[in-house]
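Turn these sequences into a full structure, and let the hints guide you.
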Amino acid sequence: KNQVEQSPQSLIILEGKNCTLQCNYTVSPFSNLRWYKQDTGRGPVSLTIMTFSENTKSNGRYTATLDADTKQSSLHITASQLSDSASYICVVRGKGSYKLIFGSGTRLLVRP
Amino acid sequence: EPEVTQTPSHQVTQMGQEVILRCVPISNHLYFYWYRQILGQKVEFLVSFYNNEISEKSEIFDDQFSVERPDGSNFTLKIRSTKLEDSAMYFCASMDTDTQYFGPGTRLTVL
Chain W
398 KNQVEQSPQS LIILEGKNCT LQCNYTVSPF SNLRWYKQDT GRGPVSLTIM TFSENTKSNG
458 RYTATLDADT KQSSLHITAS QLSDSASYIC VVRGKGSYKL IFGSGTRLLV RP
Chain X
-16 EPEVTQTPSH QVTQMGQEVI LRCVPISNHL YFYWYRQILG QKVEFLVSFY NNEISEKSEI
44 FDDQFSVERP DGSNFTLKIR STKLEDSAMY FCASMDTDTQ YFGPGTRLTV L
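Order-wise, the sequence lines are chains W and X. Quick note on the numbering used here: the first sequence kicks off at 398 and runs consecutively. Quick note on the numbering used here: the second sequence kicks off at -16 and runs consecutively.
Relax, there's no trap hidden among the hints.
The list that follows gives simulated cross-link-like pairs (lysine-lysine, BS3-like), each with its CA atoms no further than 27 Å apart:
hint: 1; chain 1: W; residue 1: 492; chain 2: W; residue 2: 454
hint: 2; chain 1: X; residue 1: 61; chain 2: W; residue 2: 496
hint: 3; chain 1: W; residue 1: 398; chain 2: X; residue 2: 40
Derived by calculation from the structure, the hints in this document are not laboratory data. Since the model is a prediction, treat every value here as computed from it, not as a measurement.
This is how it looks when you write it as structure tokens:
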């Protein structure tokens, strides 16, 4: 069954610190992987998208990595800000399909 | 920046009633989607729509659900006879070539 698993489920860090979120997936065949940020009560917003051939992609303070062989991805957030508090969701699209398969997300809380 | 809009933001209905959730996708996008998120759970795919027809749907999307693009700008999700378990956030999304852009969602509460 196509699944996307994320860890940790929740994370609390101090403002200014870095953190790394993990994602494992079993979706096959694989088309691409995205990380979305979702604020409470809002729709998800795309942060990065990575295809099979890419292993690192940055978007400002966000850096995503992908290991397509082990089916793992990570999202690294540098110099966290209070506004980074949100759920971060790993989302995978299978080849030949337009539907997105969502992980449960990591709920990040950045404290002053 | 163009964005997906959804109305209403919150809909309360009685069990058994019909509801229509409305979405205005980003203009020039050709692919449209509905997802739902039950409180505390992950976002789940419902249906994708392209070229005026359903291209893919999940097992959740049964005969009680239907989608329509009535006028070239709106994209609607209809639930014919709502059940308590239909209570959720419903997100509309539209896609250009590769990235799906999500609307702010409609919170549906079925009493």
